[in-house]
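**Student:** Given next are the chains, with one letter for each unit.
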Amino acid sequence: MTVFSSGISLYAMGKLLNLLLGWSFDVSILVAAGIVLAYIFLGGLTSAIYNEVLQFFLIVFGFAPLVFLGLRDVGGWPGLAGRLAGVATANGYAPGAYTQSWRFMGSASANPVGVEWFGLVMGLGFVLSFGYWCTDFLVVQRAMAANSMTAARRTPLIAAVPKMLFPFLVIVPGMLALVVSPTSGVRQAGPAVTASPPSLTSQTSPTSAASAAGIVPPKRDARTGEPLRDAHGHVVLDYDLATPMMLVHFFPAGLLGLGLTALLASFMSGMAGNVTAFNTVWTYDLYQSYVRPGAPDAHYLAMGRLATVFGVAISVAAAYVAASFNNIMDFLQLVFAFVNAPLFATFALGMFWKRATGHGAFTGLVAGTLAAAIHHGLSLPAGAAVGVKGGYLGVVTTYPSELAQTFWTAIAAWVTCFAVTIAMSLATRPRPLEELRGLVYGLTSKPTDDVRRWYERPVSLALLVLAGVVVLNAIFF
Amino acid sequence: MGLDLRIPVGALFALIGVLLGVYGGATLGQPGTTPTGVPINLVWGLVLLAFGTAMLTLARRARRAARGHANPDAARGPRIT
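Note that the protein sequences, when read in sequence, are chains A and B.
Here our numbering is used: the first residue of the first sequence is 1, the next is one more, and so on.
Here our numbering is used: the first residue of the second sequence is 1001, the next is one more, and so on.
Hints are computed from structural coordinates only; laboratory data are not their basis.
All C-beta atoms, glycine included, are put in the ideal place defined by N, C-alpha and C.
Check the hints yourself; a few may be wrong.
Straight-line C-alpha distance at most 25 Å; calculated SDA-like pairs for lysine to any residue [to be verified]:
| hint | chain 1 | residue 1 | chain 2 | residue 2 |
| --- | --- | --- | --- | --- |
| 1 | A | Lys-219 | A | Val-386 |
| 2 | A | Lys-163 | B | Arg-1006 |
| 3 | A | Lys-163 | A | Glu-456 |
| 4 | A | Lys-446 | A | Ala-81 |
| 5 | A | Lys-446 | A | Asn-147 |
| 6 | A | Lys-163 | A | Leu-138 |
| 7 | A | Lys-163 | A | Ala-97 |
| 8 | A | Lys-354 | A | Met-144 |
| 9 | A | Lys-163 | A | Ala-81 |
| 10 | A | Lys-446 | A | Ala-143 |
| 11 | A | Lys-219 | A | Met-144 |
| 12 | A | Lys-163 | A | Val-465 |
| 13 | A | Lys-446 | A | Glu-456 |
| 14 | A | Lys-163 | B | Leu-1012 |
| 15 | A | Lys-163 | B | Leu-1005 |
| 16 | A | Lys-354 | A | Lys-219 |
| 17 | A | Lys-163 | B | Thr-1034 |
| 18 | A | Lys-163 | B | Ala-1054 |
| 19 | A | Lys-163 | B | Pro-1008 |
| 20 | A | Lys-219 | A | Thr-183 |
| 21 | A | Lys-163 | B | Val-1047 |
| 22 | A | Lys-219 | A | Val-388 |
| 23 | A | Lys-163 | A | Leu-178 |
| 24 | A | Lys-163 | B | Asp-1004 |
Partner residues are not named here, just some residues of chain B that face chain A (Cβ under 8 Å, in silico) [to be verified]:
| hint | residue |
| --- | --- |
| 25 | Ile-1007 |
| 26 | Pro-1008 |
| 27 | Val-1009 |
| 28 | Leu-1012 |
| 29 | Phe-1013 |
| 30 | Val-1018 |
| 31 | Tyr-1023 |
| 32 | Gly-1032 |
| 33 | Thr-1033 |
| 34 | Val-1038 |
| 35 | Ile-1040 |
| 36 | Trp-1044 |
| 37 | Leu-1048 |
| 38 | Leu-1049 |
| 39 | Thr-1053 |
| 40 | Thr-1057 |
Please model the entire structure based on the sequences and the hints provided.
**Tutor:** Below, the structure written as structure tokens:
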């Protein structure tokens, strides 16, 4: 799973290098993989985490002026909401469907995500989000690197604060890209363009303007260069290019360098984090525990480095799979639905139910992953062709969007894993309670916080984060 | 490693801020440098410089405090007799 996520970041990085420098996609992928491999190989987890901190600030300072300039161009938030209302009505939705989170969730056909409130709350809000925050090793590993139990408990809570604000940096530019006029900004579509990268400007050439939305270009066939169309004949938009297009459109030479560096940094940090997670899981949790316990440290270090090279190699393969999706977010969520969703059911039962057994967990995990594959194989997003996007076992149901299909795939995987784990655990011999102390919540002594100030306590931080969630949801209801 | 991350972060952003700010000042008024009427290179260069300087100042203050903690006499400065 981590190498799939890493492959998605690598794909995005390769695509950006391909567009900026005009290198072939294959060379771009290999160069990007080589850079990340070099710094993980030389520095390990420490260098990956230190780089992530630098990359975090680069992302914030690289994207913040984009939001500022973009909103200024369209007349602030009211201007953006007004223009998106026009896009929404043109696509058959109510005017607020692109700017409000919950108001149009009563029916899947009333919002552009194509999912109703239960699918969103259960699929994304519960299964995928809890799965990501509680079982994704990329996140969990950061908490494990903390220097005390209190610091480890604070890690996801502190991370939640910028995470709640990141939509303003990464989603608002996407919304702006749909409505910004191609003739505003420092570079305009057409022959006047001189300073921006050749491949990116050709994306907004007048010949393609008719099939683009705002400044989001159509996705093109890699061989013929023609815009791709879905099964209904509609042009498929390349949403992966929304942010690069916005950067080129609004940033002059100078700041454009910082913006593109921020974009590369975000992909690099995603890839490095996932590859270090992969080599840690393989070396410590599998190789050291089951394959060759008791070897000297130098042996495990060499194995860790080998795992890093192997992880990067698989990421390169995963990057080519990601290329077949017209939106890397859809692919990332699909990977999470297959892996994180059943794993979250296993974790939840293992942590809170002392009757859960190893046989139950393993059988549940296999059944949950199979359920995800069966659901995905029997369903298809509207307009998609049978294949990597589903329907390979026969199309029984069609969803309005890829995200809707993914949320329900996650629900199917979680429910199946949860039910099968319980059934199989009850049918097998329970573990003695002494063996479960420190592992199951009810049999473990509660940690005490070793801090004095109120704002350092995990409970206080959790309440602040919860208040932030309520306020943001109320504002964008 | 006991590296204070504020030092590389501060140094990086102060450097980028100076480069961007100087470039923005030198190209002020040229076409294509002021999207939506904002001299963004100059403005953002100054913002980055301020952030980098703040980070470096915080790191320096923390280092001084740590040194003072380890050696209270040194924190008070040279003793005049």
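**Student:** Each hint needs a verdict: does it hold in this structure or not?
**Tutor:** Hint by hint, here is what the structure shows:
For the hint linking Lys-219 of chain A to Val-386 of chain A, the alpha-carbon distance of about 19 Å falls within 25 Å, and the restraint holds. Restraint check for Lys-163 of chain A and Arg-1006 of chain B: the C-alpha separation of about 21 Å stays at or below 25 Å, so the hint holds. A C-alpha spacing of about 19 Å is found between Lys-163 of chain A and Glu-456 of chain A, which places the hinted pair at or below 25 Å, so the restraint holds. With a C-alpha separation of about 47 Å, the suggested pairing of Lys-446 of chain A with Ala-81 of chain A is violated against the 25 Å cut-off.
For the given pair, Lys-446 of chain A sits about 18 Å from Asn-147 of chain A by alpha-carbon distance, which is consistent with the 25 Å threshold. Proposed proximity of Lys-163 of chain A and Leu-138 of chain A is supported: the alpha carbons are some 15 Å apart, at most 25 Å. A C-alpha spacing of about 23 Å is found between Lys-163 of chain A and Ala-97 of chain A, which places the hinted pair at or below 25 Å, so the restraint holds. Between Lys-354 of chain A and Met-144 of chain A the CA atoms are separated by roughly 24 Å; this keeps the pair inside 25 Å, and the hint holds.
Restraint check for Lys-163 of chain A and Ala-81 of chain A: the C-alpha separation of about 23 Å stays at or below 25 Å, so the hint holds. Of the supplied pair hints, the one linking Lys-446 of chain A and Ala-143 of chain A holds, its CA atoms being roughly 18 Å apart against a limit of 25 Å. Only pairs whose Cα atoms come within 25 Å are accepted, and Lys-219 of chain A paired with Met-144 of chain A is rejected, the gap being roughly 41 Å. A hinted pair counts as satisfied when its Cα atoms are at most 25 Å apart, and Lys-163 of chain A with Val-465 of chain A qualifies at roughly 10 Å.
Only pairs whose Cα atoms come within 25 Å are accepted, and Lys-446 of chain A paired with Glu-456 of chain A is accepted, the gap being roughly 17 Å. Distance hint between Lys-163 of chain A and Leu-1012 of chain B is fulfilled; the C-alpha atoms sit about 23 Å from each other, no more than 25 Å. Between Lys-163 of chain A and Leu-1005 of chain B, the direct Cα distance comes to roughly 21 Å. Compliance with the 25 Å bound is thereby established for this hinted pair. For the hint pairing Lys-354 of chain A with Lys-219 of chain A, the CA-to-CA distance comes to about 51 Å; that exceeds 25 Å, so the pair is violated.
Restraint check for Lys-163 of chain A and Thr-1034 of chain B: the C-alpha separation of about 31 Å exceeds 25 Å, so the hint is violated. About 23 Å separates the Cα atoms of Lys-163 of chain A and Ala-1054 of chain B, which keeps this hinted pair within 25 Å; it holds. With a C-alpha separation of about 23 Å, the suggested pair Lys-163 of chain A and Pro-1008 of chain B falls inside the 25 Å cut-off, and the hint holds. Distance restraint check for Lys-219 of chain A and Thr-183 of chain A: the Cα-Cα separation of roughly 21 Å lies within the 25 Å cut-off, and the hinted pair is therefore satisfied.
Between Lys-163 of chain A and Val-1047 of chain B, the direct Cα distance comes to roughly 22 Å. Compliance with the 25 Å bound is thereby established for this hinted pair. Restraint check for Lys-219 of chain A and Val-388 of chain A: the C-alpha separation of about 17 Å stays at or below 25 Å, so the hint holds. Proximity of Lys-163 of chain A to Leu-178 of chain A is assessed by CA-CA distance (about 23 Å); at most 25 Å being required, the pair is judged to hold. For a cut-off of 25 Å, the pair hint linking Lys-163 of chain A to Asp-1004 of chain B stands: about 24 Å separates their Cα positions.
Below 8 Å, beta-carbon pairs count as interface contacts, and Ile-1007 of chain B has none with chain A, the closest being about 11 Å; its hint is therefore violated. A hinted interface residue such as Pro-1008 of chain B counts as satisfied when its beta carbon comes closer than 8 Å to some beta carbon of chain A; here the least separation is about 7 Å, so the hint holds. Annotation: Val-1009 of chain B was flagged as interfacial toward chain A, and the flag holds, the nearest CB pair being 6 Å apart, inside 8 Å. For the restraint placing Leu-1012 of chain B at the interface with chain A, the shortest Cβ-Cβ distance is roughly 6 Å, inside the 8 Å limit, so the hint holds.
Among the interface hints, the one on Phe-1013 of chain B holds; its C-beta lies about 7 Å from the nearest C-beta in chain A, closer than the 8 Å criterion. With a cut of 8 Å, the hint placing Val-1018 of chain B at the interface with chain A is violated, because the nearest CB-to-CB distance is about 12 Å. Interface hint status for Tyr-1023 of chain B: upheld, as the beta-carbon distance to the closest one in chain A is roughly 5 Å, under 8 Å. Given hint, Gly-1032 of chain B at the interface with chain A, holds; its Cβ is 5 Å from that chain's nearest Cβ, closer than 8 Å.
For Thr-1033 of chain B, the interface hint holds, the least distance from its beta-carbon to any beta-carbon of chain A being 5 Å, beneath 8 Å. Among the interface hints, the one on Val-1038 of chain B holds; its C-beta lies about 7 Å from the nearest C-beta in chain A, closer than the 8 Å criterion. Evaluation of the Ile-1040 of chain B hint against chain A yields a held restraint, the C-beta minimum of about 6 Å falling below 8 Å. Given hint, Trp-1044 of chain B at the interface with chain A, holds; its Cβ is 5 Å from that chain's nearest Cβ, closer than 8 Å.
With a cut of 8 Å, the hint placing Leu-1048 of chain B at the interface with chain A holds, because the nearest CB-to-CB distance is about 6 Å. With 8 Å as the threshold, the beta carbon of Leu-1049 of chain B stays out of range of chain A, its nearest partner Cβ sitting at about 11 Å, so the hint is violated. For Thr-1053 of chain B, the shortest C-beta to C-beta distance to chain A is roughly 14 Å, which exceeds 8 Å, and the interface hint is violated. Taking 8 Å as the C-beta cut-off, the interface hint given for Thr-1057 of chain B is violated, the closest approach to chain A being about 16 Å.
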